[in-house]
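Participant: Based on the sequences and whatever the hints tell you, model everything.
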Amino acid sequence: MQTIEETLRTFIAENIIFSSDGFPYTDETSFLENGIVDSTTVLELVLFIEQQFSISIKDSEVIPENFDSISCLAKFIKSKA
Amino acid sequence: MTRYPAWRNLSSPKLNLPAPDYLAEIMNTADYLLNSANDDALAIITKDVQVSYGVFKRICSWLFNELKNQKLEPGDRVAVWGFNSPYWAAAYLAIMKIGAVAVPISTLLPADDIKRNMVFAGCKFLFADRFLYAKHQGQLGEFPHFILDNQLLNVGDCGWDTPDGEFDIDNNAALMFTSGTTSSPRAVRITHRNIQANTQSIVKYLELNSDERMMVILPFFYCYGASLLHTHLRAGATLVISNSFAYPETVLNLMEKTNCTGFAGVPSTFQTLLRNSTFPTRTLPHLRKVQQAGGKLHDSLLRELVNSHPNAQVYVMYGQTEATARLSYLPPELINSKFGSVGKGIPGVTLSIVREEDGECVCAGEIGEIIARGDNISPGYFGDLEATQEKFSHGILYTGDMATVDEDGFIYIVDRKSDFIKSYGHRVSSYEIESCVLQIPYVVAAAAVGVPDENAGEMIKVFVILRDKSTNKVDDVMDYCHSHLARYMWPQEIVITKSFPMNAHGKVIKSELRKIGMH
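Residue numbers (the numbering used here), protein chains in the order written: chain A, -1 to 79; chain B, 2 to 520.
A couple of the hints might just be wrong.
In silico lysine-lysine, BS3-like type, Cα no more than 27 Å apart, as pairs [stated by the list, open to error]:
{"id": "1", "chain 1": "B", "residue 1": "K418", "chain 2": "B", "residue 2": "K339"}
{"id": "2", "chain 1": "B", "residue 1": "K125", "chain 2": "B", "residue 2": "K58"}
{"id": "3", "chain 1": "A", "residue 1": "K76", "chain 2": "B", "residue 2": "K58"}
{"id": "4", "chain 1": "A", "residue 1": "K73", "chain 2": "B", "residue 2": "K418"}
{"id": "5", "chain 1": "A", "residue 1": "K56", "chain 2": "B", "residue 2": "K48"}
Read the hints as simulated data drawn from the structure, not as lab findings.
Facilitator: So this is what it looks like as structure tokens:
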């Protein structure tokens, strides 16, 4: 079974950065600083996480502290589980 | 291209015109923008620094001096490439001050296109953001440049003397690349007169003063973002900068923290704020002016925006890069009585709606093209006579936007000329279909296009983004259209999608959607 981090890496690679070589960054890479996300793709990410991990995310929780890297996201998802 | 006969005999192109009477004296745009500021007041706030006008002027003078050392000739082009920052703004002003032409370069372009745009504009020097330059240096190759970063906060005053030679207010001040979807670059020539006229007009109708604190999320390389810079510097006010809208909550937190009085966005900004953020439920007690331009905000979202913060005035505005930025605005007190209108021409701008057939002004309710005259209208495109002749004629801008007027002269945009769908002999407004679909609560965004069809001429396809990922809503959306739209406007197909192709300024690229729709 895939870890949370692996699931996120695969989703971002295939649906957000359209990379055929997987997720080419580290888990600590900032999405913002590297132009990986914008306001539309962040929403895609929110929807994916809500459905994939069966959690509900409030608008106020969509902040860089929770969302700006694979590590941040994984930690956030674990805290909601 | 032959233009409308009725307009052929209008006055000749504006050359060697005197300064407009609302400009007290002819001056360089850099001086014009800085001369009302108090040195102790804050010019720019970012998440990291607060820069007073005094410090900002020192940075301007340092970069001005740097350009002097480069021995540039008047009219030489200088690129400025970076995220919004005090340093970007100072470089932009320094370029104008020395008599060169500022060429803002989008931060969203890949390295090849950056290079292409700089070559296209014939740039001789580059001011570049440290982060971006480091990232793309390998692909850009060697180019004379100066790095913009926070070391500039500590520079001393290097003087701000006007260069020798007579200043001509009709010289180019900037070349602004348009958000158009053409594959080849297109840059609009913006003169000192254009900027000063548009700035003066906007400051007047928005009643901007030095107390304003404007939250800026729009890039300065985009005409709307540049106009926020121009107008708030001119007013001696403060710009609060956030370089990403990926996390709207961060922007809203910064607005709260810095007591922002103003916010400006394009339709996609407000769509995100209203549907996917805490904006509607926040109090934002200092917010008093909300500016909406850059495309038409659909009716349902505009109503939500107006109702979300009753103490803030909502200014619906309309403009184009070819008009420096702004052409019209709707006074906020008329937002309900003239709902959906983009208002009338701003001070100094004359707008008319003319028939395509004969160039005569339309009657109330009739559809025609918006044409504009005023000191903010660009003289044309850089190095592109054909495109210039297509869009400009005798100082008149042919906007390509189709609109109607009511009995009181208020303008209502119907669609882009190129976005009308010609289906079964009808001219169908894509906007009307989108407005209808957007009334469905679970629809986040909609875009209607016409794709070639043997029987219909063009078949109506509507691309829809849903709030959740369910894909079984196609029939529901279609049913809604059938019960709310005239028969000839019914879509032939509803396509559920996750995102739209968007340009750098947040507008849906319909030409791309049409291509997708054909497959």
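Participant: Decide, hint by hint, whether the structure agrees.
Facilitator: Status of the hints after comparison with the structure:
1. B/K418 x B/K339: Roughly 23 Å separates the two Cα atoms, so the pair holds.
2. B/K125 x B/K58: The hint holds at about 24 Å.
3. A/K76 x B/K58: violated (49 Å)
4. A/K73 x B/K418: Given pair A/K73, B/K418 is violated - Cα atoms ~49 Å apart, limit 27 Å.
5. A/K56 x B/K48: holds (24 Å)
Hints 3, 4 from the list above are not met by this structure, while the remaining hints are.
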